[in-house]
Every structure is written in structure tokens, then in C-alpha cells.
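Taken in order, these protein sequences are the chains called A and B.
Quick note: the first sequence uses our numbering, first residue 138, plus one each step.
Quick note: the second sequence uses our numbering, first residue 15, plus one each step.
Check the hints yourself; a few may be wrong.
Below, simulated EDC-like cross-link-like pairs (lysine to aspartate or glutamate); rule was C-alpha separation at most 16 Å, straight line [said to hold, decoys possible]:
| id | chain 1 | residue 1 | chain 2 | residue 2 |
| --- | --- | --- | --- | --- |
| 1 | B | Lys71 | A | Glu139 |
| 2 | B | Lys67 | B | Asp52 |
| 3 | A | Lys179 | A | Asp221 |
| 4 | A | Lys174 | A | Glu139 |
| 5 | A | Lys246 | A | Glu139 |
| 6 | A | Lys246 | B | Asp52 |
| 7 | A | Lys208 | A | Glu142 |
| 8 | A | Lys179 | B | Asp52 |
| 9 | B | Lys69 | B | Glu86 |
Hints listed in this document are in silico derivations from the structure and should not be mistaken for laboratory results.
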Amino acid sequence: GENVEQHPSTLSVQEGDSAVIKCTYSDSASNYFPWYKQELGKRPQLIIDIRSNVGEKKDQRIAVTLNKTAKHFSLHITETQPEDSAVYFCAASIITGGYQKVTFGTGTKLQVIP
Amino acid sequence: DVKVTQSSRYLVKRTGEKVFLECVQDMDHENMFWYRQDPGLGLRLIYFSYDVKMKEKGDIPEGYSVSREKKERFSLILESASTNQTSMYLCASSPTRASGQETQYFGPGTRLLVL
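Build the full structure now, drawing on both the sequences and the hints.
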């Protein structure tokens, strides 16, 4: 089955700096890669996603890049703010017809220091 | 706005008890999922369902079963709870791929303690 590795497990940055979280996956059939943010005590929520036919996607201060050949994808957060502090999960998903199976990484706890 | 609800936020059970965790979504989603979340292990898929009465094993199905009698409801069953099933359980749902959206929407979670 699919295996998703995520690094680092914890990350501390100064407010205003950039943060990068990296993930690798094993199954070349995975075709959808979402990123979820989970604030303390809350449910995970999607912040950005990318499909396998796209190399990069941006949404304001966050961006995701995908390298299908190397089977890795990364989340980039620029100009970090204290409200970016949370646990971030990457995931790799196989979608065919109405069938979706998602494998998550182990999470990265991001701390933005004011 | 998509809403996924879970029957309990906190639950305390004794070893050997049968435990039911229920999840309801109100957006007519085809796919529903059960995960457990443990520190350092992320979200691990227990079971998922892509249609009523259909179920598929995830990565860690041992000790669990599921039921999906209605499209909006997906139940996770611990037949005989054990202490190693103490965890946070998260339910999620997503539309069909035909909708062009695969975002998973999560419930608030149930923190289960098995004594």
C-alpha cells in the first residue's frame, strides 16, 4: 500500500520567515495531494491541494510543489504569522471513479515565534 | 457549509465493552472515512466506504468494524474495546470524483479512553 513520509516532525521559525515541509510517497498511482492544517483542539481543514498533472500551485502565502518523478511534494509558507502555528498533514490520494483512498503523513508541528 | 458531526466528543469505556462511534454528514457525500489520530503517527485510516453498504479496509482495520446502512451515516464499532484502542477518532467525508472535488471534511473527533 501507499506510504507517506513527512519531515520535519517539528519546526520552529521566527515570525516573517518562511517554512517548508516535505513529504514523499511510494505509490506512483497517487494522483491527488492535499495539505491539511489542524489547530490545537480543532479538526483538520484543507488549506491547499495539488493534482498530479500540476507542478506547482499558490494561494496567497502558501504554495505546494510536486515532483512526480521523485515522488515528493512540499508545502511552502512565506511571511509566517503566529496564526500559522498548527500541525500540518500532507496526504497522498488515489482517486478512481467515486473511490478515494487517502494516506496521511505523520504531521509537522509548526511553531511561529513572534 | 459542509457539516460532519460525531456522536460524542469524549467517551470512557471499559476493556471488553462494545463501543459504537457514529458519524453523520449532511452534504450527500459518497465517501466516508474513519481515522485514528495518535501523537507521532498522524492520521491512520481504519475503514472507508464509498457507497451505502459498501466498506473497505484501511491500513489498521484489526479490532474494528463499520456499518453504513444510510448514505449520511457511518458507524465505527469496537467489538471488544482494548486499552490500545485509546485514541482520538476522526470521521471524514468527501464527494465523488465526478464532482471534481476530493476535499475531505472532518468531524470534531471523539476522544476515547479505554480503561
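Cross-check of the supplied hints:
no. : hint                   : result
1   : B/Lys71 with A/Glu139  : holds, 14 Å
2   : B/Lys67 with B/Asp52   : violated, 28 Å
3   : A/Lys179 with A/Asp221 : holds, 14 Å
4   : A/Lys174 with A/Glu139 : violated, 21 Å
5   : A/Lys246 with A/Glu139 : violated, 23 Å
6   : A/Lys246 with B/Asp52  : holds, 13 Å
7   : A/Lys208 with A/Glu142 : holds, 11 Å
8   : A/Lys179 with B/Asp52  : holds, 14 Å
9   : B/Lys69 with B/Glu86   : holds, 14 Å
Of the numbered hints stated above, those contradicted by the structure are hints 2, 4, 5, listed in ascending order.
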